[in-house]
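Asker: Each chain is listed here by its residues.
Number of protein chains: 2
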Amino acid sequence: MYIDLDRNSSQPLYIQMAQNIRRRIRSGALPPGTRLPTVRELAQQLGVTRLTVHNAYSDLQADGWVEATVGRGTFVSTRQEAAPIPEYGREVSPRSAINDMMRMAQLPGMRSVAMADAASEFYPLREFNRVVDEVLATSGVRALAYTTSQGEPTLRNAIADWVRERGVRVGPDEIIVTSGVTQGLALIAQILTQPGDVVLVEHPTYLGTLNVLENQGLRSISVPVDDEGIMVEVLESLIFSHRPRFIYTIPVFHNPTGVCLSAQRRAALLELVERHRVPLVEDDIYSQLVYEGSIPPALIVDDCSGMVLHVSSFSKSLLPGMRIGYVVAPPPLISRLSAAKQANDLCSPALNQQAMALFLQRGVLAQHLRRTLPRYRERRDVLLDAMAQYFPATLRWTTPSGGFSVWVELPLGVSATDLYLAAIERRVAFAPGDVFFAMPSARSYMRLAFSAQPPETLSEIAQVLGELLHIQTHRRKVAMPETTDWVPLV
Amino acid sequence: MYIDLDRNSSQPLYIQMAQNIRRRIRSGALPPGTRLPTVRELAQQLGVTRLTVHNAYSDLQADGWVEATVGRGTFVSTRQEAAPIPEYGREVSPRSAINDMMRMAQLPGMRSVAMADAASEFYPLREFNRVVDEVLATSGVRALAYTTSQGEPTLRNAIADWVRERGVRVGPDEIIVTSGVTQGLALIAQILTQPGDVVLVEHPTYLGTLNVLENQGLRSISVPVDDEGIMVEVLESLIFSHRPRFIYTIPVFHNPTGVCLSAQRRAALLELVERHRVPLVEDDIYSQLVYEGSIPPALIVDDCSGMVLHVSSFSKSLLPGMRIGYVVAPPPLISRLSAAKQANDLCSPALNQQAMALFLQRGVLAQHLRRTLPRYRERRDVLLDAMAQYFPATLRWTTPSGGFSVWVELPLGVSATDLYLAAIERRVAFAPGDVFFAMPSARSYMRLAFSAQPPETLSEIAQVLGELLHIQTHRRKVAMPETTDWVPLV
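Chains as they are written, first to last, in my numbering: chain A, 1 to 490; chain B, 1 to 490.
Watch out, some of these pointers could steer you wrong.
As the list claims (entries may be wrong) - Some chain B residues well away from chain A (every beta-carbon gap over 12 Å; in silico):
| hint | residue |
| --- | --- |
| 1 | T147 |
| 2 | T209 |
| 3 | T394 |
| 4 | I424 |
| 5 | H474 |
Said to hold, decoys possible - Chain A is faced by these chain B residues, among others (derived, beta-carbon under 7 Å):
| hint | residue |
| --- | --- |
| 6 | P108 |
| 7 | D173 |
| 8 | S179 |
| 9 | A343 |
As the list claims (entries may be wrong) - The calculated label-pair distances, taken between Cβ atoms and stated as ranges, are:
| hint | chain 1 | residue 1 | chain 2 | residue 2 | range |
| --- | --- | --- | --- | --- | --- |
| 10 | A | Q61 | B | Q11 | 48 to 56 Å |
| 11 | B | Q11 | A | A263 | 39 to 47 Å |
| 12 | B | R396 | A | G217 | 43 to 51 Å |
| 13 | A | E214 | B | F240 | 30 to 38 Å |
| 14 | B | R362 | A | R40 | 34 to 42 Å |
Hints listed in this document are in silico derivations from the structure and should not be mistaken for laboratory results. Glycine included, every Cβ here is placed at the ideal spot set by N, Cα and C.
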């Protein structure tokens, strides 16, 4: 079976392959019941990795085009019905990094440190089931009806109590419930910007935010970060030159670097946004995940100007799939955010909100954190130890005191993509650093998220990556000239 | 207690009132424990309706600012903590009609036909609980983890089977799961338009859609509808003059009118969008709610051009609070919609999606419709009979064979707003027609949704409205000149 693949396309090979096979199935060229080549055969024939073929087949299987029978092979599905191929619309390759990571992380046998995700084996599944049953028993149909766009009052009250622990003293009318931090950011961008506007982000930053901004036609301009967080002295000149609509920062356990904003920078940043009256969006999602030392206070706590919007969620600390986050902001902004939310998805599911409210009221989240933090700390320590043991001695990486990620600067001449592809072949997935930059970075990085893998796997992963790094560093040593890089190591 | 109210403001009086009281509480002018005037006292003093005061107090109570004790009165909450009043941001009054309707419908004692909403007493609460327990037992933590932006494959498969009943033959890769129709429309607008673009909508149309378009800075231009649906002959000239990015239509059991697109118009509409290559978004949300006759086929069934995007949800037919809808479109568009969804809220909750998939696979939805349709039909018949009995003989309204709404043309000179306010005083809420128009309408209308009230209440409501209509028609008879209206009755 010959398949024409465009290796220069921005579309991954496995997608091209799946599309091609789908087209053949639809056209009747591959009738129902046809046996497809084995993964090994097709990989060899087309000169691609087996993983690529495996991904393509998984896709086709997930969508019902093919069926796999263990020991027999992969067959064109017999229950598939032909549908016409429409011609409308231009093909746009989505910013696929997040998708790829999710995909990789889910492949059978993959040892992934790509997703900075809570460990699913820690999810309080039974408690969640109990709470859901209780909500349905007590609230009844109200839990399955429409609710307000701003969010269930009971949950907003519980969130107000929760953020008070972090020093944030607000009432429920200063809170809107969102579908995770992503929706919080998307709504903020909707009310504060027009397409073409500039938003300042950190260099590097959370790739989901870049995705949100790009989708709304905004220009992301990067502000460098070092081991004290965002470089406020550079920030001011960027405010002058770009007149940004807002600044996005992750001041505590920054993603991907794990760094915290220093006290001095913190004061300077607050002073700066007050003076220039630029809204500052602080993403506080990792702040509860602290392994030692004290957590720096949220920026909004000392904001006298009303310029700070505080965004967070329970996706990292508890359960990502509930899709519950929140924005804390002055009431006039909350009212505009609620109007925007109404025009985005009307409201979030009441059931999920009420369940989360019970979790907070009963102290389940606090208890859950007490139980899980030591285990996350252990994972971090195991990974850092194994990195020290297996990685080339010249490499530098961060030592986060919280959050889920270690940020590794790769040796000059080692490309994150090459390393990534080599790692995938060894069944190890990480997040290549490039995806976290709004603007090109002179150096290559990788993010290793230790949260979702057990200690022994983290050790294996570090060993595999160490071997690959030694090989690639050796191979490239002579080829690349030394360059000076304006991005400090973080 | 004197409160300065601006009656010309677009902000409702009760919100102004609540804000004023909140400010006083925060400033300390109303210390904790202070007894507020009774609803009756304050209404009299300020010359507003008691409902306005009641709404303001309810708001304050929901947000924890005041506490009500039955028989004792309303008091400033003692557990309230002071928070600074930020000055940031301009006050924007959201398009508040949906909010107001939701609010009115939830006020105690209110008999509301304002929301075209499934009857909550029909919600399959126990089945839902069973299915959720089953999903948690079988899928475990996967039901609480992140899932793909396009939606759970199992649900997309089940939706593909479901829409096949409607003649729509597509595979799961031609489907994206959204948070209701609202998110489907919001994502479509994001991928097809830029701010300032024109979208053609029906006159009248679903106000939620107007809200979505306005939020994205789009201009809605109206196409008249009559008792055969959208007037295709007018549509073509509007396509020429406005070059719309897409057309939005509700061809079956149109909201708010209840009308179906005729077979002839349907063919002409499909031919038109194919010829002009304008995307056509069909909102099919009410099509399952049929009380007699056959359901016209979905437009997408006979679309040869790939121009039709088919949007629907289970909010009307089953449960609104699950927040599950879907878009059916050609794969290239689905891929762009998925990228947009990822940049809006990452993904919808896996648990809700898996529960909905089980509902569909097990035939619970089909069974639920068999059980509820006769009851909705009864409600429609009771309302129509009572209207015939109590309403002035000169009035005209639609007789829908499906959906949830009756659309009433008010007598010349009777304002929907006046009628609305008078009705609210009698504890009856309906949807004033104005909110369904993108452009001013020469005539006034009201929408009566019979779905969510038991027959006896519908009868009472018709009686109250009938009395008010007789009064208002009589009062205004002389005042208003006859005008000719370009909008045909629908």
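Asker: Taking the hints in turn, state whether each one holds.
Answerer: Hints versus structure:
{"no.": "1", "hint": "T147", "in the structure": "violated (7 Å)"}
{"no.": "2", "hint": "T209", "in the structure": "violated (10 Å)"}
{"no.": "3", "hint": "T394", "in the structure": "holds (35 Å)"}
{"no.": "4", "hint": "I424", "in the structure": "holds (19 Å)"}
{"no.": "5", "hint": "H474", "in the structure": "holds (37 Å)"}
{"no.": "6", "hint": "P108", "in the structure": "violated (14 Å)"}
{"no.": "7", "hint": "D173", "in the structure": "holds (5 Å)"}
{"no.": "8", "hint": "S179", "in the structure": "holds (4 Å)"}
{"no.": "9", "hint": "A343", "in the structure": "holds (3 Å)"}
{"no.": "10", "hint": "A:Q61 <-> B:Q11: 48 to 56 Å", "in the structure": "holds (54 Å)"}
{"no.": "11", "hint": "B:Q11 <-> A:A263: 39 to 47 Å", "in the structure": "holds (41 Å)"}
{"no.": "12", "hint": "B:R396 <-> A:G217: 43 to 51 Å", "in the structure": "holds (46 Å)"}
{"no.": "13", "hint": "A:E214 <-> B:F240: 30 to 38 Å", "in the structure": "holds (34 Å)"}
{"no.": "14", "hint": "B:R362 <-> A:R40: 34 to 42 Å", "in the structure": "holds (39 Å)"}
Hint compliance for this structure: hints 1, 2 and 6 are broken, all remaining hints hold.
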